[in-house]
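**Student:** Each chain is listed here by its residues.
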Amino acid sequence: AQKITQTQPGMFVQEKEAVTLDCTYDTSDQSYGLFWYKQPSSGEMIFLIYQGSYDEQNATEGRYSLNFQKARKSANLVISASQLGDSAMYFCAMREGYQGAQKLVFGQGTRLTINP
Amino acid sequence: DTEVTQTPKHLVMGMTNKKSLKCEQHMGHRAMYWYKQKAKKPPELMFVYSYEKLSINESVPSRFSPECPNSSLLNLHLHALQPEDSALYLCASRDRLARIPGGTDTQYFGPGTRLTVL
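Residue numbers (my numbering), protein chains in the order written: chain A, 1 to 116; chain B, 117 to 234.
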């Protein structure tokens with residue numbers, strides 16, 4: 001079974017600094033997908049970025065990029081120029097299963113606090 | 117458009133009440149999910165519907181009863197809940213199984229329903 005590990009329960013960063021949130025994964029599958037979600041205190045899970053295991057380039061979406069190191073089984077999220085609105089819980093996830101029986105395996109999350 | 121809507125936003129119910137949570141998406145996705153999330157924990161999967169058929173039930177107690185009346189709508193019927201069922205209930209839909217092929221199997225979540233059971 002897949003497993004996702006997020007080792008940073010909480011992080012505190014100054015506004016405008018870059019921040020890296022760690023995520024390591026464990027899978028025996030050759031084909032897999034990794035996701036990052038942001039969850040503000042309002043509760044909604046907001047999809048940020050996706051990386052496929054066969055993607056040759058690291059994924060980027062605006063200020064978010066994914067530092068994908070396949071051999072190390074890590075998929076760290078990098079947020080450039082952090083903003084106060086980035087304060088939230090961040091979850092790394094991996095898909096497990098196929099077709100209609102597919103589900104997400106989540107890490108425990110990292111709570112990010114951006115200080116002014 | 118990646119919008120999933122959920123109603124109500126907040127719900128308070130007694131242990132003898134019957135209530136329903138509603139989730140809707142108009143993205144043509146054919147897989148929909150219910151999750152339960154307790155504070156400071158990741159979401160826990162409850163049910164998955166694929167092409168309007170239940171494909172995963174993660175051993176959820178029968179006081180939670182899912183229903184998928186059509187490809188856009190997902191309900192969760194609640195009856196005789198316990199205080200420990202108080203949580204955030206999230207709905208999601210997945211883009212790979214869709215009328216328009218493609219996608220990356222990304223799940224898009226709704227804003228959730230905060231449920232309190234007294």
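Among the clues, some could well be false.
As the list claims (entries may be wrong) - Pairs of lysine-lysine residues, derived as DSS-like cross-links and limited to a Cα-Cα distance of at most 30 Å, are as follows: (1) B:Lys-156 <-> A:Lys-70; (2) A:Lys-3 <-> B:Lys-152; (3) B:Lys-169 <-> B:Lys-134; (4) A:Lys-16 <-> B:Lys-157; (5) A:Lys-70 <-> B:Lys-157; (6) A:Lys-3 <-> B:Lys-134.
What the hints assert, rightly or not - Partial chain A-side listing against chain B, Cβ under 10 Å, derived: (7) Ala-1; (8) Gln-2; (9) Lys-3; (10) Gly-33; (11) Glu-44; (12) Ile-46; (13) Gly-52; (14) Phe-68; (15) Arg-72; (16) Phe-91; (17) Gly-97; (18) Gly-100; (19) Gln-102; (20) Leu-104; (21) Ile-114; (22) Asn-115.
Derived from the structure by calculation, the hints contain no laboratory data. Where is the CB? At the ideal position from N, CA and C, for every residue including glycine.
**Student:** Go through the hint on Gln-102 (chain A) and say holds or violated, using the shortest Cβ distance to chain B against 10 Å.
**Tutor:** Holds - the Cβ of Gln-102 (chain A) comes within 10 Å of chain B, reaching about 6 Å at its closest.
**Student:** Taking only the CA atoms, is the gap from Lys-3 (chain A) to Lys-134 (chain B) under or equal to 30 Å?
**Tutor:** violated (36 Å)
**Student:** Between the alpha carbons of Lys-16 (chain A) and Lys-157 (chain B), is the straight-line distance 30 Å or under?
**Tutor:** holds (28 Å)
**Student:** Holds or violated: is there a CB of chain B closer than 10 Å to the CB of Ala-1 (chain A)?
**Tutor:** violated (13 Å)
**Student:** Any CB of chain B closer than 10 Å to the CB of Ile-114 (chain A)?
**Tutor:** violated (19 Å)
**Student:** Under the criterion that the straight-line Cα-Cα distance not exceed 30 Å, is the pair Lys-70 (chain A), Lys-157 (chain B) satisfied?
**Tutor:** Holds, at about 27 Å.
**Student:** So, as I understand it, the hint says Ile-46 (chain A) touches chain B; can you test that by seeing if any CB pair is closer than 10 Å?
**Tutor:** Since chain B brings a Cβ to about 8 Å from Ile-46 (chain A), closer than 10 Å, the hint holds.
**Student:** Should the interface hint for Phe-91 (chain A) be scored as holding, given a Cβ-Cβ cut-off of 10 Å against chain B?
**Tutor:** Holds. Min distance 6 Å.
**Student:** Is Lys-3 (chain A) close enough to Lys-152 (chain B), meaning Cα to Cα at most 30 Å?
**Tutor:** The hint holds at about 19 Å.
**Student:** Per the CB criterion, is Glu-44 (chain A) less than 10 Å away from chain B?
**Tutor:** Nearest chain B Cβ about 4 Å off; hint holds.
**Student:** Is the hint on Lys-3 (chain A) kept, meaning its closest Cβ partner in chain B is under 10 Å away?
**Tutor:** violated (12 Å)
**Student:** Interface hint check: Gly-100 (chain A), Cβ to nearest Cβ on chain B, cutoff 10 Å. Holds or violated?
**Tutor:** Status holds, d = 3 Å.
Hints 6, 7, 8, 9, 14, 15, 21, 22 from the earlier list are contradicted by this structure; the remaining hints agree with it.
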